[in-house]
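Colleague: Next come the chains, spelled out residue by residue.
Number of protein chains: 2
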Amino acid sequence: MIELDERARKLIGEPNLAHLATLMADGSPHVTPVWVDLEGDKVLVNTASGRVKDRNMRRDPRVALSLVSVSDPYERVSIRGRVVDIRNGEEADRHIDELAKKYMGVDVYPNRRPDEQRLIVEIEPESIY
Amino acid sequence: MIELDERARKLIGEPNLAHLATLMADGSPHVTPVWVDLEGDKVLVNTASGRVKDRNMRRDPRVALSLVSVSDPYERVSIRGRVVDIRNGEEADRHIDELAKKYMGVDVYPNRRPDEQRLIVEIEPESIY
Chain R
0 MIELDERARK
10 LIGEPNLAHL
20 ATLMADGSPH
30 VTPVWVDLEG
40 DKVLVNTASG
50 RVKDRNMRRD
60 PRVALSLVSV
70 SDPYERVSIR
80 GRVVDIRNGE
90 EADRHIDELA
100 KKYMGVDVYP
110 NRRPDEQRLI
120 VEIEPESIY
Chain B
0 MIELDERARK
10 LIGEPNLAHL
20 ATLMADGSPH
30 VTPVWVDLEG
40 DKVLVNTASG
50 RVKDRNMRRD
60 PRVALSLVSV
70 SDPYERVSIR
80 GRVVDIRNGE
90 EADRHIDELA
100 KKYMGVDVYP
110 NRRPDEQRLI
120 VEIEPESIY
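Residue numbers (numbering that gives the first Met the number 0), protein chains in the order written: chain R, 0 to 128; chain B, 0 to 128.
With the Cβ distance kept under 7 angstroms, some of the chain B side facing chain R (calculated, not the full set):
#1 H18
#2 P28
#3 H29
#4 S65
#5 R75
Here chain R is said to cover these stretches of chain B; the calculated rule only asks that three of the stretch's residues, wherever they fall, bring their Cβ under 8 angstroms from a Cβ of chain R:
#6 20–26
#7 30–40
#8 58–64
To give an idea of the chain R side of the interface with chain B (calculated C-beta under 10 angstroms), a few residues:
#9 A17
#10 A20
#11 T21
#12 L22
#13 D25
#14 H29
#15 T31
#16 V62
#17 A63
#18 L66
#19 V67
#20 S77
#21 I78
The hints are simulated quantities; they were obtained by calculation from the structure and are not laboratory data. In this text, a Cβ means the ideal position worked out from N, Cα and C, and glycines have one as well.
Between the sequences and the hints, there should be enough to build the whole structure, so can you do that?
Modeller: Here it is in structure tokens:
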């Protein structure tokens, strides 16, 4: 685990989409946009149980993230790291609402499906460029 | 190889950044922002020789791309595919200028380094969601 520099913290703190790469069962890459925030030096992603990226990260914890600032396309950061925990329950439900506040300016995540279980994915950064 | 649908063609046709995932030597993912355009149903990326993603794609051709519309964050596409060719020379130099036109509105790519060799990376899509 490494410490995130100020530039990475700033890009993650602002409502910039991140693109999360995970590994399919055959080892090939998969990449989709995600909302992110920070918990200390860990990057938190929120997803729903059973999605491709959830299954991928449980099989192989190695991931990568790429963020570009919406206000300045030259401000960008790429992080490689490892999933160290996946948490569910009320905490994950609160977290998706916090991300909806950050990214959409609303108090409650509006796209929640009644049958889905939200997950907080905790990522430890191992390299940044 | 599959055909790209209209939604994917539209997102790639507009000046939306793509995030390209490649595989490091140890099989872990790496993801960075890239400019893209289309050649028929193939996605073209332009990079410089010797970069991490260039070395990664020569070692393992499996890649993935994620695009989100700058104008509508709900418009998004994820593509998994395979690098089928990497071309250099004048054609690749012209291509980076074309991409600079698309993404920056300028005729000549302004960040060119005298010592770098530009490359066109040709990607055949294998799945889209």
